[in-house]
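Asks: Here's the letter readout for the chains.
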Amino acid sequence: DAGVTQSPTHLIKTRGQQVTLRCSPISGHKSVSWYQQVLGQGPQFIFQYYEKEERGRGNFPDRFSARQFPNYSSELNVNALLLGDSALYLCASSRPGGSYEQYFGPGTRLTVT
Amino acid sequence: QKEVEQNSGPLSVPEGAIASLNCTYSDRGSQSFFWYRQYSGKSPELIMFIYSNGDKEDGRFTAQLNKASQYVSLLIRDSQPSDSATYLCAVNPPYGQNFVFGPGTRLSVLP
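For the record, the sequence lines run as chains A and B.
Going by the working numbering, the first sequence opens with residue 1, and the numbers climb by one from there.
Going by the working numbering, the second sequence opens with residue 1001, and the numbers climb by one from there.
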């Protein structure tokens, strides 16, 4: 079975722009979580979605939003990009419930200039 | 106060030795604990998870959990240079569905 997929792999944006990142979970997984990982730190939780509903939100500003589609894929949107948004954005999928083990995709490396 | 703490390292061990990685967490009600390996420039890879007190072994890896001491550890036996990576401890706190990660410990296995 294919693992978690994310697109694009790399992205360069300018301050103030908007970006959309995409994620497809492992087949059979219905929960998707988004994390931000800044160089040298552990991943920080942004959102979790299960059955198209937001089930958790981390300490991120309203510029960050997400949604989940009927096929359980997900998008993360970031508006009004700041230099500090430069990071590796990780998507993880898990079985229903979310407290089970999470499997990460390859990530999207976002650079804001 | 940080919720999940790890020594940042680097932890250097010779090839063939046992590497011991430690993690402490603050939420006493946490139930699920995970170890991820992350190579430079790559995404985290799940290598072990443990839900009950005691030891759990999988090949060269052993996870140890002590909920009373709020302590999780990962032992890597017969360490190989390919084990050189950053090891992330993750905890599923009782108040939500998300994972809380520690900052990671960088392990270097010297040939």
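Keep in mind that the hints are not guaranteed to be accurate.
Stated by the list, open to error - Think about it this way: if two alpha-carbon atoms lie no more than 25 Å apart in a straight line, the pair counts; the simulated SDA-like pairs of lysine to any residue are:
#1 A:Lys30 - B:Ser1040
#2 A:Lys13 - B:Lys1042
#3 B:Lys1042 - A:Arg109
#4 A:Lys13 - B:Ser1040
#5 A:Lys30 - B:Pro1094
#6 B:Lys1042 - A:Leu82
#7 B:Lys1042 - A:Ala87
#8 B:Lys1042 - A:Glu51
#9 B:Lys1042 - A:Leu110
#10 B:Lys1042 - A:Glu53
#11 A:Lys30 - B:Glu1045
#12 B:Lys1056 - A:Lys13
#13 B:Lys1042 - A:Glu75
#14 B:Lys1042 - A:Pro70
No lab work stands behind these hints: they were computed from the structure.
Asks: For the pair we were handed, lysine 1042 of chain B and proline 70 of chain A, check the Cα-Cα distance against 25 Å.
Replies: 29 Å, violated
Asks: For lysine 1042 of chain B and alanine 87 of chain A, compute the direct alpha-carbon distance and say whether it is at most 25 Å.
Replies: 13 Å, holds
Asks: Would the hint linking lysine 1042 of chain B and leucine 82 of chain A be met if the CA-CA limit is 25 Å?
Replies: Since the Cα atoms of lysine 1042 of chain B and leucine 82 of chain A sit roughly 23 Å apart, the hinted pair holds (cutoff 25 Å).
Asks: Is lysine 30 of chain A close enough to proline 1094 of chain B, meaning Cα to Cα at most 25 Å?
Replies: 21 Å, holds
Asks: Under the criterion that the straight-line Cα-Cα distance not exceed 25 Å, is the pair lysine 13 of chain A, lysine 1042 of chain B satisfied?
Replies: 21 Å, holds
Asks: Are the Cα positions of lysine 1042 of chain B and glutamate 53 of chain A separated by 25 Å at most?
Replies: 29 Å, violated
Asks: Hey, lysine 1056 of chain B versus lysine 13 of chain A, does the alpha-carbon distance stay inside 25 Å?
Replies: Given pair lysine 1056 of chain B, lysine 13 of chain A is violated - Cα atoms ~44 Å apart, limit 25 Å.
Asks: Is lysine 30 of chain A close enough to glutamate 1045 of chain B, meaning Cα to Cα at most 25 Å?
Replies: 19 Å, holds
Asks: Given the hinted pair lysine 1042 of chain B and glutamate 75 of chain A, is their alpha-carbon gap at most 25 Å?
Replies: Given that 25 Å is the threshold and the Cα spacing comes to 21 Å, the pair holds.
Asks: CA of lysine 30 of chain A to CA of serine 1040 of chain B, is that 25 Å or under?
Replies: 29 Å, violated
Asks: Does leucine 110 of chain A sit within 25 Å of lysine 1042 of chain B, going by the straight-line distance between their CA atoms?
Replies: Satisfied, since the Cα-Cα distance of roughly 14 Å is no more than 25 Å.
Asks: Below or equal to 25 Å on CA atoms is what counts here, so check lysine 1042 of chain B against glutamate 51 of chain A.
Replies: 28 Å, violated
When each numbered hint is compared with the structure, violations occur for hints 1, 8, 10, 12, 14.
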